[in-house]
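Trainee: Below are the chains, spelled out letter by letter.
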Amino acid sequence: MLKPEDNERLVRVGAGTPAGELMRRYWQPALLSAELPENDCPPARVRLLGEDLVAFRDSNGRIGLIDAYCPHRRASMFFGRNEECGLRCVYHGWKFDVDGNCMDMPNEAADTPMKGRVKILAYPTVDRGGVIWTFMGPRDSVPEPPDFEWMRAPSTHRFVSKTYEECNYLQAMEGGLDTSHSSFAHSNYLGNKTVIRNIDTAPRIDVEPADYGYRYISTRKVGENQRYVRVYHYVMPNQQMRGAFKPWFSNKDEKDPHRVPKSDGHLWVPIDDEHTWVYNWACGRDRSVPLTAAFRDESETFFGRGPDDLIPGTFKLKRNRGNDYLIDRNVQKTQTFTGIKGVNTQDFALQEGMGPIVDRSKEHLGASDKAIVLMRRLMLEAIRAVERGEKPPGLDPTTHRNIRPYDGVIAGDTPWQESFADELLAKW
Amino acid sequence: MLKPEDNERLVRVGAGTPAGELMRRYWQPALLSAELPENDCPPARVRLLGEDLVAFRDSNGRIGLIDAYCPHRRASMFFGRNEECGLRCVYHGWKFDVDGNCMDMPNEAADTPMKGRVKILAYPTVDRGGVIWTFMGPRDSVPEPPDFEWMRAPSTHRFVSKTYEECNYLQAMEGGLDTSHSSFAHSNYLGNKTVIRNIDTAPRIDVEPADYGYRYISTRKVGENQRYVRVYHYVMPNQQMRGAFKPWFSNKDEKDPHRVPKSDGHLWVPIDDEHTWVYNWACGRDRSVPLTAAFRDESETFFGRGPDDLIPGTFKLKRNRGNDYLIDRNVQKTQTFTGIKGVNTQDFALQEGMGPIVDRSKEHLGASDKAIVLMRRLMLEAIRAVERGEKPPGLDPTTHRNIRPYDGVIAGDTPWQESFADELLAKW
Amino acid sequence: MLKPEDNERLVRVGAGTPAGELMRRYWQPALLSAELPENDCPPARVRLLGEDLVAFRDSNGRIGLIDAYCPHRRASMFFGRNEECGLRCVYHGWKFDVDGNCMDMPNEAADTPMKGRVKILAYPTVDRGGVIWTFMGPRDSVPEPPDFEWMRAPSTHRFVSKTYEECNYLQAMEGGLDTSHSSFAHSNYLGNKTVIRNIDTAPRIDVEPADYGYRYISTRKVGENQRYVRVYHYVMPNQQMRGAFKPWFSNKDEKDPHRVPKSDGHLWVPIDDEHTWVYNWACGRDRSVPLTAAFRDESETFFGRGPDDLIPGTFKLKRNRGNDYLIDRNVQKTQTFTGIKGVNTQDFALQEGMGPIVDRSKEHLGASDKAIVLMRRLMLEAIRAVERGEKPPGLDPTTHRNIRPYDGVIAGDTPWQESFADELLAKW
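Chains as they are written, first to last, in our numbering: chain D, 4 to 431; chain E, 4 to 431; chain G, 4 to 431.
Please note that the accuracy of each hint is not assured.
Heads up, the list lumps identical chains together, so a pair's fine if it works in one copy or across two of them.
The calculated DSSO-like cross-link candidates involving lysine-lysine, where the alpha carbons are at most 30 Å apart (straight line), are [what the hints assert, rightly or not]: (1) Lys336 x Lys122; (2) Lys6 x Lys394; (3) Lys118 x Lys319; (4) Lys365 x Lys6; (5) Lys373 x Lys118; (6) Lys319 x Lys344; (7) Lys321 x Lys6; (8) Lys319 x Lys224; (9) Lys6 x Lys118.
Since the hints were derived computationally from the structure, they do not count as laboratory data.
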């Protein structure tokens with residue numbers, strides 16, 4: 004449960020709002036590198052933290068991320084011409100470089116002093132790990148760009164995609180941090196409807212604060228004297244990392260594309276208060292095993308059916324809020340817990356189904372929600388730090404550079420810290 | 004004409020609003036019994052008086068009507084699994100019975116005290132007369148369920164359907180109570196456009212208050228020394244009953260499915276301030292004459308063309324606000340007064356055409372609007388009664404149990420009270 | 004740049020708003036004459052300055068423009084029957100003439116005094132020049148109807164159409180008054196992308212106030228010692244007139260339908276704050292050269308592809324905001340400046356692309372924006388005049404009756420006032 008005023012502080016992301024200002028202290032994904040596939044290609048619309056922007060890759064490969072509207076008379080820069088190291092407005096030909104400088108003003112006299120004075124808003128960018136990152140906070144305190152292990156993996160071992168979600172980032176991220184729901188929402192092999200009672204559906208959850216946020220560990224009993232332990236990272240303010248051992252796969256088809264050794268995770272990037280980009284990343288853990296094409300296909304929409312899940316030309320799911328995710332009540336009775344196809348789509352049904360912004364004053368949280376409760380507390384503390392003029396935690400890449408998540412089954416009483424010691428260190 | 008502040012008191016239906024609280028003192032239709040066709044069938048969305056709910060029929064046939072959102076983390080209960088006497092949330096498996104008790108909380112420890120403490124909002128229901136009724140008012144003063152004659156008729160003699168209307172309930176109900184418009188809006192046999200002058204288009208209207216609301220009588224002169232008299236009931240707060248003799252049918256096709264002896268009527272149930280469920284009911288008057296399949300078909304959308312009028316899978320008319328009800332201006336010139344097909348659709352064009360909520364301060368009411376004026380007065384009085392902590396009229400089923408509407412032509416000077424005395428008593 | 008409070012004064016058009024009241028002091032286009040093609044034809048919806056109205060042509064050809072809602076119970080008059088010199092509401096048969104008088108009230112007693120008392124709101128109209136004009140201001144100061152030259156041209160030499168635009172009228176009109184953008188937005192023969200540097204893209208702009216608003220002159224250097232001079236009129240509050248010599252056509256196909264000698268222009272008529280009717284008119288200048296069918300076709304959407312540009316049965320462009328105007332990025336790279344087909348569509352992309360109402364506090368205006376700056380000043384002054392109870396400029400048709408725009412190339416130093424003297428006088 005959360006007081007309405009705290010909920011408001013956490014969910015609003017526009018400029019000047021508490022969480023909006025916190026988000027603006029961190030580098031954020033603006034778009035996929037692949038959305039600007041080559042120099043001088045068409046510009047792309049970007050809506051981020053409630054601001055309308057346009058991104059372009061210039062003739063030299065530099066990335067511009069500028070105001071969506073021309074400073075002259077506010078025509079849309081999206082219709083602009085990307086040419087000769089600048090984006091030119093098609094209304095009167097004003098042209099701007101990636102830093103926001105006006106390079107040409109052809110409808111005014113050649114010697115007009117306006118050209119030197121007028122700038123367009125431009126945010127700094129870096130293109131790393133398949134993602135174009137931007138920093139929308141104060142220019143006098145731009146931190147070092149992020150350096151997560153998955154960003155350093157070679158492209159053979161790295162996968163990134165994104166999906167459009169129609170709700171606030173916080174309830175989406177809470178769905179990601181939540182561990183116990185996978186026994187229900189993602190239970191896709193019911194056999195019969197009592198099967199869910201045969202596994203340990205109430206994992207113990209331990210949370211350990213860290214410089215970058217926290218790591219949390221879910222422990223489930225498995226058979227005789229074994230434990231299935233998952234070590235996750237919550238990286239402030241909006242990323243989760245997890246291992247992907249997934250022992251239940253052992254009962255499944257050997258051809259499952261997810262049997263490749265990897266870590267994966269999400270970033271939940273606010274488009275605005277009621278819409279979110281979910282970035283999906285995966286990172287092979289073993290240098291000798293690159294990510295396969297089959298894995299990449301299926302991962303496009305994260306455990307969905309791949310690119311076919313998306314409405315062509317968009318990042319929107321075909322099975323969406325408007326069609327009740329094509330829930331099949333017969334399948335729900337007999338085969339899967341939800342009757343909805345695809346892990347990602349199952350999550351969206353639950354997260355979007357709460358409405359655009361969940362009313363957390365009506366919640367009833369239990370022991371299973373421990374990680375979520377701590378995330379909210381860290382976020383609220385970080386918001387207060389920014390309000391006091393201080394730096395929020397985790398800005399320094401050294402805090403997250405070496406972390407890696409892991410999952411595994413441990414026999415006997417060996418502490419996971421011991422069993423997993425090496426697996427939890429980044430190798431790329 | 005109505006003062007804007009009185010209009011507001013009448014049209015708003017959310018919890019805590021004047022009319023909303025009045026409506027919550029009566030049992031209201033929540034959905035058709037047929038929408039939950041069997042035990043453990045898929046749940047159904049219900050939006051009622053501005054509240055989002057989910058209905059389900061449990062393994063024993065009991066009906067639950069609960070909050071649309073799980074009390075744990077507010078996932079949508081619509082996606083829930085209806086199984087073993089409860090609806091189970093697919094997020095973490097919490098399961099609730101029709102009374103709102105939590106029966107299972109599988110992601111928490113088996114002995115968690117939360118299970119006993121957490122409830123989901125659940126409204127009481129009864130399933131009668133083809134309709135699932137609910138009571139959304141104070142639990143300490145639940146009245147006896149309603150007992151209208153049509154609810155007691157056997158299914159062979161009873162018909163119920165519903166249609167979705169895109170406007171406030173009050174202007175929809177005012178269209179139903181209105182008697183004089185049938186000579187115009189529903190004049191479908193123009194022959195030529197002066198025909199409307201040949202019938203008595205300005206009926207006299209008498210209104211007689213009663214415990215359940217009022218009955219009102221429209222009297223039209225017919226030929227030499229005859230009167231066509233219609234005796235209607237307005238049953239508070241949102242039902243109308245009428246006979247169905249309809250002497251103009253005598254000039255029409257003998258195969259008209261409406262020639263069966265019956266009463267019919269509507270309930271206008273607020274979905275929210277700007278949307279309404281119109282329940283259509285009919286009840287055969289003669290034990291030896293069951294309602295025919297042809298009659299049922301046509302009645303699906305109330306004097307429309309039957310199920311074919313509806314967008315498949317919905318209760319929405321194909322001829323609707325978005326396509327100007329497919330008005331045919333040539334038909335309007337030569338055949339029907341409106342150029343719009345279907346009595347129900349004609350009414351919707353007029354009622355929805357006023358906009359979502361009509362501005363009654365701009366009206367000019369005449370003698371023909373007498374019944375409407377009294378209905379508003381009764382509603383405003385009942386609202387004040389509730390505000391004073393008193394009971395509104397008509398809660399006791401004995402007030403409406405024996406009433407029946409009737410229409411007929413009377414020769415000579417016999418008072419209708421005498422001619423119709425037996426016809427106005429319920430027989431089921 | 005404009006202060007937010009001045010922007011608000013200019014963009015809001017509802018009754019009682021500053022610009023709304025100014026607009027209501029002038030006759031305004033309500034709809035095309037062709038939308039009411041014959042006596043007793045179906046009525047047409049009209050939304051104008053934020054008011055919902057219905058227009059009809061009565062049995063004698065007179066035009067009614069009345070409240071969209073019946074004064075009785077507010078049913079939609081759009082569904083009304085247009086018959087025997089009046090529009091009859093289909094709810095209860097009340098009938099109104101073009102002046103708003105109630106002619107029939109058939110659901111009330113024949114001698115009801117209401118019939119004489121009830122009126123429906125009706126605005127005066129005139130049907131001239133292919134347009135039905137109305138006056139929505141105070142009835143005690145109705146000015147003479149407008150008398151622009153193009154309205155007097157015979158139908159062989161006159162063309163009028165309209166298009167629906169999804170933004171405020173002011174940014175649309177500013178796009179029309181703007182002269183320098185044509186070298187960019189409408190540059191459709193790039194050859195290569197540097198061609199725009201080979202013409203004079205920074206015209207000199209002179210503005211000369213006049214009783215009706217102002218005329219403004221753009222001058223571009225052409226080759227050796229020649230000038231291309233365009234003389235426009237801005238006619239208060241929302242019309243522009245311009246010549247159509249267009250010397251660049253000389254390089255083009257002889258079959259260009261626009262080679263006919265003509266003037267043309269637009270009126271930007273506010274539907275409401277966020278939607279605008281753009282009326283497109285053209286007027287042949289030479290009695291011996293009527294407008295051709297090819298010209299009329301192409302002009303339907305103003306330099307677009309004609310009627311095929313429109314969604315059938317509407318005045319809306321197929322290439323619109325919802326589909327990014329079907330911009331073709333490859334065409335934009337190689338053939339046209341915008342990659343968008345059609346002059347009108349190019350303008351709409353720029354004007355609608357700013358959002359429904361542009362935020363003028365973020366502008367940076369230059370010398371090229373002189374005409375726009377003056378228009379805003381004249382409008383703000385006229386608004387203040389109306390607020391003081393005075394008449395705004397240009398109400399008297401003598402102020403605009405004789406004006407004509409013109410374009411042409413002048414050799415040597417002859418002043419345009421001398422070269423164009425005769426061409427600038429109306430001939431119809």
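Trainee: Each hint needs a verdict: does it hold in this structure or not?
Mentor: Status of the hints after comparison with the structure:
| no. | hint | in the structure |
| --- | --- | --- |
| 1 | Lys336 x Lys122 | between (60 Å within a copy, 25 Å between copies) |
| 2 | Lys6 x Lys394 | within (25 Å within a copy, 36 Å between copies) |
| 3 | Lys118 x Lys319 | neither (40 Å within a copy, 37 Å between copies) |
| 4 | Lys365 x Lys6 | within (9 Å within a copy, 37 Å between copies) |
| 5 | Lys373 x Lys118 | between (56 Å within a copy, 17 Å between copies) |
| 6 | Lys319 x Lys344 | both (15 Å within a copy, 28 Å between copies) |
| 7 | Lys321 x Lys6 | neither (35 Å within a copy, 45 Å between copies) |
| 8 | Lys319 x Lys224 | neither (38 Å within a copy, 51 Å between copies) |
| 9 | Lys6 x Lys118 | between (50 Å within a copy, 23 Å between copies) |
In this structure, the earlier hints numbered 3, 7 and 8 are contradicted, and the remaining ones agree with it.
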